[in-house]
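**Q** Chains as they are written, first to last, in my numbering: chain A, 1 to 389; chain B, 1 to 389.
Treat each hint with caution, since some may be false.
Said to hold, decoys possible - Between beta-carbon pairs, the in silico distance windows are: (1) A:K40 <-> B:K374: 21 to 29 Å; (2) B:P124 <-> A:K40: 34 to 42 Å; (3) A:K374 <-> B:D26: 19 to 27 Å; (4) A:D81 <-> B:H227: 33 to 41 Å; (5) A:K295 <-> B:N242: 37 to 45 Å; (6) B:N242 <-> A:E168: 40 to 48 Å; (7) A:D307 <-> B:N198: 54 to 62 Å; (8) A:D196 <-> B:K277: 55 to 63 Å; (9) A:K40 <-> B:R173: 47 to 55 Å; (10) A:D81 <-> B:N179: 27 to 35 Å; (11) A:V387 <-> B:N179: 51 to 59 Å.
In short, the hints are calculated from the structure, not lab data.
Positions of the beta carbon are idealized from the N, C-alpha and C atoms, including for glycine.
For reference, the chains in residue letters:
Number of protein chains: 2
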Amino acid sequence: MIYLDHAAATPVSERVFRAMKPYFTDEFFNPSAAYLPAKKIAHDYEAAKAEIAHGIGAKASDLVITAGATEANNLAFTCLDADKKEAARANNKTESSVLYLTTEHDSIRRVAELHGGEAIRVLPNGLIDLNDLKKKITDETELISIALVNNELGTIQPLAEVATIIREIKIDRMKRGVNRQLLLHSDASQALNLLDINVARLGVDLLTINAAKIYGPKGVGALYVSHDAKLKPLAVGGGQENGLRSGTENVPGVVGFAKAVAESKEHLNGNRKKYAKWRKLFLENLKDYELINKKHCLDNFIVLCFDGIDAERLVFLLEEKEVYVATGAACAASKGVRSHVLTAIGLADSQIAGSLRLTLGETNSEEQILATAKIINEVVQEERARVNG
Amino acid sequence: MIYLDHAAATPVSERVFRAMKPYFTDEFFNPSAAYLPAKKIAHDYEAAKAEIAHGIGAKASDLVITAGATEANNLAFTCLDADKKEAARANNKTESSVLYLTTEHDSIRRVAELHGGEAIRVLPNGLIDLNDLKKKITDETELISIALVNNELGTIQPLAEVATIIREIKIDRMKRGVNRQLLLHSDASQALNLLDINVARLGVDLLTINAAKIYGPKGVGALYVSHDAKLKPLAVGGGQENGLRSGTENVPGVVGFAKAVAESKEHLNGNRKKYAKWRKLFLENLKDYELINKKHCLDNFIVLCFDGIDAERLVFLLEEKEVYVATGAACAASKGVRSHVLTAIGLADSQIAGSLRLTLGETNSEEQILATAKIINEVVQEERARVNG
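Bound conformation, chain A alone (with noise of 0.2 Å):
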């Protein structure tokens, strides 16, 4: 088997699965229990978060637990107020308290919707468009969305140049007396494993993170939170995580989603490295295919068109041969919708119909991405062969 979809979800590491397993059997106490053996495990689990917090330079009380990135991207809207969400949709959206990147992932996009917002366009490099934001940014706008990493086209959006903008935004409104709030939410659930992210020196002011794509559990994320930001649970009852979100704390998941977060920032620089000289040996193997992320994207992501070919045919040919790939996001790509990523990006309907992504990870080797270019070249000439008859 090769996998190369790793975007989609990653294998639990054996690092992380030794570090949870006493969880589930041996130090299994309700955190919020009065005896020792379970102030223990409360202490364990601040440990935890504290290493999480720690791998994106933030502080444990900074993060709130959440089941995954979709709920961590629904919290942070909490931070719109709910009277403007509703005068959003009885008229059918005046001026917009929301903006968000139009390439985020859906988890963003519905939310977005939901709160009337208004989609900022990228280049056709996939990099957000600077000044299409500036523009659309009003003395209304509360908050501006932007994945730090994209999940289709692993582009690294210049998060930094934007806290930029918002920061003279902010002096500006401040200067004329205008205090709403103006918040920079990024979704980083591609990112923790290959970028060293700082939420000071991103300047957001809330982060979304999620295990499952970084060698941990599934069902676990979090989401950072700045002073600045006030949000309203998603969910009420016993009142952990701050209020924020109450229920039995998942400890095996995040203690598993700490050694995750350690492990990725040990192998950071390795990894980069180990996955452009990768990406590099493979595209030089490979015949006649278009390159859609050239630059700007992580060392892992490889997005492929092979003209006049169906991805989608594609895909089950590879999976013949034991190579498993994808055409898009997981999530959209079940409902058989066309990506609005590469939509986006100005990708003619045929080139998105041919479009793979190939996303490379810690269950790869330096032959396999060999094997695999040999195995695409192959099947795309039989492909080409059998459709021009």
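Since the structure of chain A is already known, use the hints to place chain B on it.
**A** Using the frame of chain A, we list chain B on its own:
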């Protein structure tokens, strides 16, 4: 160690852990991906949901998987008309659309309060006051939430009787042309392990279940949703769980939940007999106590009061002997709040301050039960001697 707080947390059983393990490491694929190994995961996930659903007499498509009982409880309340929630807040409630039992867990109490909910009284034996229920149901009532088993006393509520009352009211409403919904929700988190639950027999429209209380993993629960109940998602995104709960599926968690449900069902009768025997044995060997939950409760719940002795001090003294018990629900205990449940059944403050909750479970043995009675007798005697100078 003698652990007697199984209502707060249970360890993941060996069989559950073994069932989950491959889905962390080898079978890690995203269920939404297009290739065969991922489709196998999607199939396993659905099969696990079917097994969970089967455990309560339902179908996989009736379940929404959540991150636990709190989220499921909150999701249940989305059946309410959002406009009415706003109106309830604005008017400081006129007639409430929500009724809930006064002894409910915080995750119900808090969300019910947000909707201007009204509490139904319990009798001194902990059972619902059906006359109070009847009196409080109006033509405005849309949702009634009553836990099948109380988490502090283990009291089993007569849900089928409640369902009968609701059915009569619905018939009456129909005759009078009142077409407002009237749904019955029950949090069965504590019950799935020792009661043979069937949604049709209980007559519920919405049912919360939870893996973490039945030797399954933390961070996984589910809400059963009948066809009559129309819910709205707490968080939006990729559209998983029929659009009611977006986010990549927690496959290992759900597989573990399914195994925990299957194991619970398999050992239901044996465990009930075992706990009933242990409860009897324990009480026969215990001295100078008052039993709070005399009747109508799960056999593994023992709530005791020792006159003139502070329960928190007992928890501490027992902890020194490595016997772990609770004073109330773990999440309430950590906040130092007096139990609203014990208050509701009419206990005096001194009784509440002296109340211990012991919940028996699979980590126990008959020897442990006998040892615990002996240790509590000694500790209580010493403490009485100390208090009386």
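**Q** Work down the list of hints and note, for each, if the structure agrees.
**A** Quick rundown of the hints versus the structure:
1. Range check, A:K40 to B:K374: Cβ separation about 26 Å, and the 21 to 29 Å hint holds.
2. For the hinted restraint 34 to 42 Å between B:P124 and A:K40, the CB-CB distance of approximately 38 Å keeps it satisfied.
3. At about 25 Å, the CB distance of A:K374 to B:D26 agrees with the hint of 19 to 27 Å.
4. Roughly 35 Å separates the CB atoms of A:D81 and B:H227, a value that falls within the hinted 33 to 41 Å.
5. For A:K295 and B:N242, the hinted distance range of 37 to 45 Å is satisfied, since their beta carbons lie about 40 Å from each other.
6. Checked against the hint of 40 to 48 Å, the C-beta distance between B:N242 and A:E168 comes to roughly 44 Å, which is consistent with it.
7. Roughly 58 Å separates the CB atoms of A:D307 and B:N198, a value that falls within the hinted 54 to 62 Å.
8. Distance hint for A:D196 and B:K277: a CB-CB separation of about 59 Å, consistent with the stated range 55 to 63 Å.
9. Between A:K40 and B:R173 the C-beta distance comes to about 53 Å, which sits within the given range of 47 to 55 Å.
10. Remark: the range hint 27 to 35 Å for A:D81 to B:N179 is upheld by a beta-carbon distance near 34 Å.
11. At roughly 58 Å, the beta-carbon separation of A:V387 and B:N179 lies within the given 51 to 59 Å, and the hint holds.
Going down the numbered hints, you'll see the structure goes against none, and every one checks out.
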